[in-house]
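Residue strings, one per chain:
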Amino acid sequence: DVKVTQSSRYLVKRTGEKVFLECVQDMDHENMFWYRQDPGLGLRLIYFSYDVKMKEKGDIPEGYSVSREKKERFSLILESASTNQTSMYLCASSRGGKGEKLFFGSGTQLSVL
Amino acid sequence: ILNVEQSPQSLHVQEGDSTNFTCSFPSSNFYALHWYRWETAKSPEALFVMTLNGDEKKKGRISATLNTKEGYSYLYIKGSQPEDSATYLCAFYSGGYNKLIFGAGTRLAVHP
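Those sequence lines, one after another, are chains A and B.
Quick note, the first sequence lines up with residues 1 to 113 if you use the working numbering.
Quick note, the second sequence lines up with residues 1001 to 1112 if you use the working numbering.
Any given hint could turn out to be false.
[As the list claims (entries may be wrong)] Once the Cα atoms are required to be at most 25 angstroms apart in a straight line, the calculated DSS-like pairs of lysine-lysine come out as:
| no. | chain 1 | residue 1 | chain 2 | residue 2 |
| --- | --- | --- | --- | --- |
| 1 | A | LYS98 | B | LYS1058 |
| 2 | B | LYS1099 | A | LYS70 |
| 3 | B | LYS1099 | A | LYS55 |
| 4 | B | LYS1078 | B | LYS1099 |
| 5 | A | LYS71 | B | LYS1057 |
| 6 | A | LYS101 | B | LYS1058 |
| 7 | B | LYS1058 | A | LYS13 |
| 8 | B | LYS1069 | A | LYS98 |
| 9 | A | LYS101 | A | LYS3 |
| 10 | A | LYS70 | B | LYS1057 |
| 11 | A | LYS98 | B | LYS1078 |
| 12 | B | LYS1058 | A | LYS53 |
| 13 | A | LYS3 | B | LYS1042 |
| 14 | B | LYS1058 | A | LYS55 |
| 15 | B | LYS1069 | A | LYS57 |
| 16 | A | LYS3 | B | LYS1069 |
| 17 | B | LYS1059 | A | LYS71 |
[Unchecked claim] Residues from chain B shown here face chain A by an in silico Cβ test under 8 angstroms; the list is partial:
| no. | residue |
| --- | --- |
| 18 | VAL1004 |
| 19 | PRO1008 |
| 20 | HIS1034 |
| 21 | LYS1042 |
| 22 | ASN1067 |
| 23 | TYR1074 |
| 24 | TYR1076 |
| 25 | LYS1078 |
| 26 | GLY1096 |
| 27 | GLY1103 |
| 28 | ALA1104 |
Just so you know, these hints were derived from the structure itself, not from any lab.
Glycine included, each C-beta is placed from N, C-alpha and C at the ideal position.
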């Protein structure tokens, strides 16, 4: 069964902390994505990667960075967590190419106090 | 700014009812339209990827249609069951923007 695994289901952090959200996929997918989901809004793209060591900004990259050192792993980093980063974070992967369907992790609900 | 609208925002139906929701997207530069189902505490799961105007796709009791010229897609659920309760997301892939743009979703609750 194909899988995208996110390291934590729930996370509580303090303002100013550095936060790492990890995502691993076992499908040998080229593309990986980080989204956040807030009530009343669609999934918003934070960062994505089409290849190892490659990253591109999505629509809301401010306050975030990413790392993709290996094909199967895509990490989202909150350099200094703020309360407005409290959200549900979803990782996804897809095969290379345009418009391919996404395979999602089950999400990390992050609360920043 | 590319925008994807879904309606209604939420829907409550009785078991056995048939229902449908709408996804509206820009009609220019169309490449693909995705539908996902997101059940509580689970991962969003792809239902359909549609690329051609007039496409109709079916999976069990769920089907979808696509009109790229006027920029809308309908998702239909025939004979809703409690296990259909979920948030249904649509996402538009623009050939020019080269990323998926998601709507806010339709939250469906099916009551026994």
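Outcome of the hint check:
no.: 1; hint: LYS98(A) with LYS1058(B); verdict: 23 angstroms, holds
no.: 2; hint: LYS1099(B) with LYS70(A); verdict: 22 angstroms, holds
no.: 3; hint: LYS1099(B) with LYS55(A); verdict: 14 angstroms, holds
no.: 4; hint: LYS1078(B) with LYS1099(B); verdict: 31 angstroms, violated
no.: 5; hint: LYS71(A) with LYS1057(B); verdict: 32 angstroms, violated
no.: 6; hint: LYS101(A) with LYS1058(B); verdict: 16 angstroms, holds
no.: 7; hint: LYS1058(B) with LYS13(A); verdict: 43 angstroms, violated
no.: 8; hint: LYS1069(B) with LYS98(A); verdict: 20 angstroms, holds
no.: 9; hint: LYS101(A) with LYS3(A); verdict: 14 angstroms, holds
no.: 10; hint: LYS70(A) with LYS1057(B); verdict: 36 angstroms, violated
no.: 11; hint: LYS98(A) with LYS1078(B); verdict: 31 angstroms, violated
no.: 12; hint: LYS1058(B) with LYS53(A); verdict: 39 angstroms, violated
no.: 13; hint: LYS3(A) with LYS1042(B); verdict: 12 angstroms, holds
no.: 14; hint: LYS1058(B) with LYS55(A); verdict: 36 angstroms, violated
no.: 15; hint: LYS1069(B) with LYS57(A); verdict: 30 angstroms, violated
no.: 16; hint: LYS3(A) with LYS1069(B); verdict: 36 angstroms, violated
no.: 17; hint: LYS1059(B) with LYS71(A); verdict: 32 angstroms, violated
no.: 18; hint: VAL1004; verdict: 6 angstroms, holds
no.: 19; hint: PRO1008; verdict: 13 angstroms, violated
no.: 20; hint: HIS1034; verdict: 6 angstroms, holds
no.: 21; hint: LYS1042; verdict: 6 angstroms, holds
no.: 22; hint: ASN1067; verdict: 17 angstroms, violated
no.: 23; hint: TYR1074; verdict: 18 angstroms, violated
no.: 24; hint: TYR1076; verdict: 20 angstroms, violated
no.: 25; hint: LYS1078; verdict: 23 angstroms, violated
no.: 26; hint: GLY1096; verdict: 11 angstroms, violated
no.: 27; hint: GLY1103; verdict: 5 angstroms, holds
no.: 28; hint: ALA1104; verdict: 5 angstroms, holds
Violated hints, listed in ascending order, are 4, 5, 7, 10, 11, 12, 14, 15, 16, 17, 19, 22, 23, 24, 25 and 26; each of the other numbered hints is respected by the structure.
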